[in-house]
Every structure is written in C-alpha cells, then in structure tokens.
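**Student:** The primary structure of each chain is shown beneath.
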Amino acid sequence: MTANTSTRSPEPGTPAIEVRGLHKQYGRHEVLKGIDFHVDAGQVVCVIGPSGSGKSTLLRCVNRLEEPTSGEILIEGIDICDRRVDLDEVRSRIGMVFQQFNLFPHLSVLKNLTLAQRNVRRRSKEEAVAIARQNLAKVGLSEKESAYPAHLSGGQQQRVAIARALSMNPDMMLFDEPTSALDPELVGDVLAVMKDLAQEGMTMMVVTHEMGFAREVGDKLVFMDGGVVVEEGRPAEVLSNPRHERTQSFLSKVL
Amino acid sequence: MTRRQRGLLVQVVLYAALAAAVAALALLADWSTIRQNFWNPDGVAWTDGNWGDLITIGMVNTVKYTAIAFAGGLALGLVLALMRLSPVAPYRWLATAYIEFFRGLPALVVMMFMGFGLPIAFQWTPPGGTVGAGLIGLILVAGAYMAETLRAGIQAVPKGQTEAARSLGMSPGSTTVKVVLPQAFRIVIPPLTNEFVLLIKDTALLFLLGAAADQRELTSVARDFLTSGPSAGTATSLIQAALLYLIITLPLTQLVSWLERRQRRSVR
Chain A
1 MTANTSTRSP
11 EPGTPAIEVR
21 GLHKQYGRHE
31 VLKGIDFHVD
41 AGQVVCVIGP
51 SGSGKSTLLR
61 CVNRLEEPTS
71 GEILIEGIDI
81 CDRRVDLDEV
91 RSRIGMVFQQ
101 FNLFPHLSVL
111 KNLTLAQRNV
121 RRRSKEEAVA
131 IARQNLAKVG
141 LSEKESAYPA
151 HLSGGQQQRV
161 AIARALSMNP
171 DMMLFDEPTS
181 ALDPELVGDV
191 LAVMKDLAQE
201 GMTMMVVTHE
211 MGFAREVGDK
221 LVFMDGGVVV
231 EEGRPAEVLS
241 NPRHERTQSF
251 LSKVL
Chain B
256 MTRRQRGLLV
266 QVVLYAALAA
276 AVAALALLAD
286 WSTIRQNFWN
296 PDGVAWTDGN
306 WGDLITIGMV
316 NTVKYTAIAF
326 AGGLALGLVL
336 ALMRLSPVAP
346 YRWLATAYIE
356 FFRGLPALVV
366 MMFMGFGLPI
376 AFQWTPPGGT
386 VGAGLIGLIL
396 VAGAYMAETL
406 RAGIQAVPKG
416 QTEAARSLGM
426 SPGSTTVKVV
436 LPQAFRIVIP
446 PLTNEFVLLI
456 KDTALLFLLG
466 AAADQRELTS
476 VARDFLTSGP
486 SAGTATSLIQ
496 AALLYLIITL
506 PLTQLVSWLE
516 RRQRRSVR
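First to last, the sequence lines map onto chains A and B.
Letter 65 of the first sequence, counting from 1, is numbered 65 in my numbering, and no numbers are missing.
Letter 144 of the second sequence, counting from 1, is numbered 399 in my numbering, and no numbers are missing.
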C-alpha cells in the first residue's frame, strides 16, 4: 500500500469511527434506537445480527449514505454531520464495499478503479493506472483489467470492488455483507482478500454473517438486534459464551 | 362434426373468402387507370420524373431537419429531465409544467405559433425563416417527450450505482455525468430511436408553414408535384414520397426492435 494521503493525522487514541447516541427513523419506524459504537484505528470490528436488526443501516450511516435522524458520527474525531464538513472528502477516505458489488457496468475493470482516483484525488492517468494495477494484483485479478464487470463471476466482481475502494488509499473500510450475494464456493476468495487486508492493519467495519471470519479475523464482535447493540466483546467470547439471551438464541440458529 | 373438423372448415372458408376477394379485385380493377393515377410512368421515370427533386431536395431536407430537431430536442430534454429530478423544488415544478404543457399541445399549433404567431405579435421572425421557426417548434415539443424518456432512463439506473460513486467521494455532478448518464443513455436508446422515427414523420408538418423551393422537405415536394411537373393531376408523387419515407423509417423501426431484443437478453 502506498502511504496514507490523508491530510490530517488524528490524535493518537482517537477512534477511527465513533458513533454516539445514533437514532435513525424511517417515517414512524425506528430502525436504530440509540447506538453507541466505536472502531479503533487498525481494528477489525464485525457486526452481526438478524436481518432487520439495523446493522446495515448503522454501517451506511457511518459514511452518511443514510442520513441519521439524531446522534453524532465522528470519523477520526471529526463530526461528519456538521454542515461545514466536506462530506465528499470524508467519504473518499472511507472505502465501502457493497453486498451487490455495484461495479460500474459501463466501464472496464481498470476504469472502475481509476475513475474516482482521477475525478476525486485528481491523480494523473499514469499514477491512477499504476495504483489500480497494484490493487488488482493484490486481489489476484491482474489479468482481468480490461474485462467488463458483466463478464466476471460474483466473487471476482466483489474483489474488483474491494480493489476499487482500496485505490483511493482509504483510512478505513466498510463492508456491507460482502459475501451474502455470492455463491458459496466464491465466498472463500473474497474472505481471503479481506483477511489479508486485516493483517496489513486496515481499520475495518464488517457487517457479516460469516461467523468463521468474525472469530478468526475480528478484534471485536458486535451483536445487534431490534435497533440496539445487545452485546459486544472479543469474538471468541461472544460466539462461544454469549451472555445475553437474544445473542444465545440468534447464535443457536446460525452456528 | 367434431370440434376439430369444424375448426378446419372455418379456416378453409376464411382462406377461400380471402382468395375470392383478391381475385375479384384483380379482375375487376382497371389496372391502366390505377397505374396512370398512382404510378404515372412520366412521374416515376428515372430521368425527368419526380425522383430527382423528391430525393435531392425533399428526402435530404427531411433527414437534415429531423437530425436538427432530434439534436435540439435531446439537449432540451436532458436539461428538463435533470431539472425534473433536481433536489431544488422550483426546478422540478418548472420542468413538470413545461413537459405537461407541451405534451398536451398539437405540435402543429406550437410550430404555427413560432412561424406565424410570433412574427405577427412582435414583427420578429425566428432565425431560418419559417423552416427555422417550425424546427424550433418541433424542438420545443420533442424536448418535452424526450425529457420523460430520459427521466425514466435515469431512474432505471440502480440506486447502488449512485451510492458506489458517492461512497468513493465523487460529487453529485460527477456521479451524474460519469456514472448515471452513460448507463441511462444505453437504457433509452430504443425509445429514443422511436422518438427519432416520430420526428421524421413530424417534419412533414413543416409543409404547412411553407418554405423556399430548395428548403422543402419531402411532403412539400410531393405536394407540389400533385399540381405541377410530369405527373401533375395524379397521386403518383405521394406514393413516391411514401416509399421514400418507408426507406428511412423501416430500417430504423427494425433497429429499434433489434435493440429491444438485445437489451432484454443482456439484463444485468
């Protein structure tokens, strides 16, 4: 990875992501009911929970793809709900990987990786291409740079999506159920890439159903249900010795 | 009789009736009169017939005017579509009002307003004389229709595309231009081609505004050959114009259905 291009270096000890008292309401339906949550720099935090528990909404609030109803979201100590904050600049430092990949279907793999580098980072074409190729190599898809997304398998598309996010040299990565739309035999490749990334020290927030990944790679596991954080702790502990009844019943269904 | 036999009998009777009708027409028709009036030998002659003006003036101008109206309508339609999807409410209202207004009017009324109404009211003629005025009218109306087509195309681009672009830090403008519009245009190629065919036919309305001899489109040239030229007094020139229209439109309508089939196959 190339050096961090971020202009500000946060105080040591400041969490990469800190969420305080977050509420999110759709009409009268309250999806998040006061979430306090943080991810420290270099940490891998996995968020699990039944569907409808609000875990994806929480993740999407972190880069404000969802507008929080109330509460604070601090990225490296900066409140991104503040109107004076340049949201595009903040987002460019937060990589995001979607369940449905969301590659740009009208662009080749290489163009998918260079578009935002050129457009947001204002990198030269040569530099953008060089960085794109580094990241394609990292996810093991160097030979696919001129392919179009439609010609790739789901697993390959997701790895390209990870490479696309990495090409912005983000300070942290958000993963929204990155393997849920994949055929089972393709999940392993994507998880392997994510594991490499974690071992390089990338700060990661991962909404997932992959308990094995959470146990092996995660530094912290957060269990959500009904719009609140029910339980959190070291993954091995939460998974093998859940304290809360709701956690127990959820884990008994998925493990 | 079984149901199947009855069905067969009905089919035989239907075919027989059709054959009898065709035969009667062929026998009873006065072919020389028909030919004289609808495919007059002097009118359809390759040299000194109607083809020269019909093609080099009429057809060429029809294609030219259609291209101008299409390009203008597309540019106007794009602006209107983006306004309609704007987060700024007054833009949405303006665009909606415009679209509803011009889609509710006959194109001919708008064209006559530009060609006759404005010059009468303000002693001002739009550039290009009556043809230019008519084309502006066509553009104003076509833009309203194309705006709706483009809006549908933009809205058909999955929301995840915008989210992916914004999550990379791209601005709303860059997202629209680099990510959403290229995909939206691909979605609307078939309906836009259809719009093009409709415009080809609408250029015939320019005839009603009048034009200098070498600015006439196909219908105007054909109309003039009804009363002058080698086949004057017969409908020959209209048949010829019809054929020339079909030469332009049929390949395009085929292209539309081919594009639509291809698009259905390659749904992501």
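Rather than coming from a laboratory, the hints here were simulated on the basis of the structure.
Be aware that one or more of the hints could be misleading.
[Unchecked claim] Derived lysine to any residue pairs resembling SDA-like cross-links, with alpha carbons at most 20 angstroms apart:
1) B:Lys414 <-> A:Gly154
2) B:Lys433 <-> A:Arg118
3) A:Lys111 <-> B:Pro427
4) B:Lys433 <-> A:Glu30
5) A:Lys220 <-> A:Pro184
6) B:Lys414 <-> A:Glu67
7) A:Lys111 <-> B:Ser426
8) B:Lys414 <-> A:Lys125
9) B:Lys414 <-> A:Glu66
10) A:Lys111 <-> B:Val412
11) A:Lys195 <-> A:Arg118
12) A:Lys111 <-> B:Pro446
13) B:Lys456 <-> B:Thr504
14) B:Lys414 <-> A:Ser180
15) A:Lys125 <-> B:Val268
16) A:Lys111 <-> B:Ser483
17) B:Lys414 <-> A:Lys220
18) B:Lys414 <-> A:Gln134
19) B:Lys433 <-> A:Lys195
20) A:Lys111 <-> B:Thr504
21) A:Lys111 <-> B:Ser429
22) B:Lys433 <-> A:Ala150
**Student:** Is the hinted pair Lys433 of chain B and Ala150 of chain A satisfied, with a Cα-Cα distance of at most 20 angstroms?
**Tutor:** Within the cut-off at roughly 18 angstroms; holds.
**Student:** Would the hint linking Lys414 of chain B and Gln134 of chain A be met if the CA-CA limit is 20 angstroms?
**Tutor:** violated, 29 angstroms
**Student:** So if I understand the rule, the pair passes when the alpha-carbon distance is 20 angstroms or less; does Lys414 of chain B with Lys125 of chain A pass?
**Tutor:** This hinted pair is violated, its Cα atoms lying about 28 angstroms apart.
**Student:** Do the alpha carbons of Lys456 of chain B and Thr504 of chain B lie within 20 angstroms of each other, as the hint requires?
**Tutor:** holds, 9 angstroms
**Student:** Verify the proposed pairing of Lys125 of chain A with Val268 of chain B, using a straight-line Cα cut of 20 angstroms.
**Tutor:** violated, 74 angstroms
**Student:** Is Lys220 of chain A close enough to Pro184 of chain A, meaning Cα to Cα at most 20 angstroms?
**Tutor:** violated, 25 angstroms
**Student:** Would you mind confirming whether the straight-line C-alpha gap from Lys111 of chain A to Ser429 of chain B stays at or under 20 angstroms?
**Tutor:** Satisfied, since the Cα-Cα distance of roughly 15 angstroms is no more than 20 angstroms.
**Student:** Hey, Lys433 of chain B versus Lys195 of chain A, does the alpha-carbon distance stay inside 20 angstroms?
**Tutor:** Roughly 32 angstroms separates the two Cα atoms, so the pair is violated.
**Student:** Tell me if the straight-line CA distance from Lys111 of chain A to Ser426 of chain B falls inside 20 angstroms.
**Tutor:** Holds, because 18 angstroms separates the two Cα atoms, which is no more than 20 angstroms.
**Student:** What's the verdict on Lys195 of chain A and Arg118 of chain A, does the C-alpha distance respect the 20 angstroms limit or exceed it?
**Tutor:** Roughly 28 angstroms between the alpha carbons, so the hint for Lys195 of chain A and Arg118 of chain A is violated.
**Student:** Do the alpha carbons of Lys111 of chain A and Pro446 of chain B lie within 20 angstroms of each other, as the hint requires?
**Tutor:** Given that 20 angstroms is the threshold and the Cα spacing comes to 28 angstroms, the pair is violated.
**Student:** Between Lys433 of chain B and Arg118 of chain A, does the CA-CA distance stay at or below 20 angstroms?
**Tutor:** OK: Lys433 of chain B and Arg118 of chain A at ~12 angstroms, within 20 angstroms.
Violation of the numbered hints given earlier is confined to hints 4, 5, 8, 11, 12, 15, 16, 17, 18, 19 and 20; the remaining hints are satisfied by the structure.
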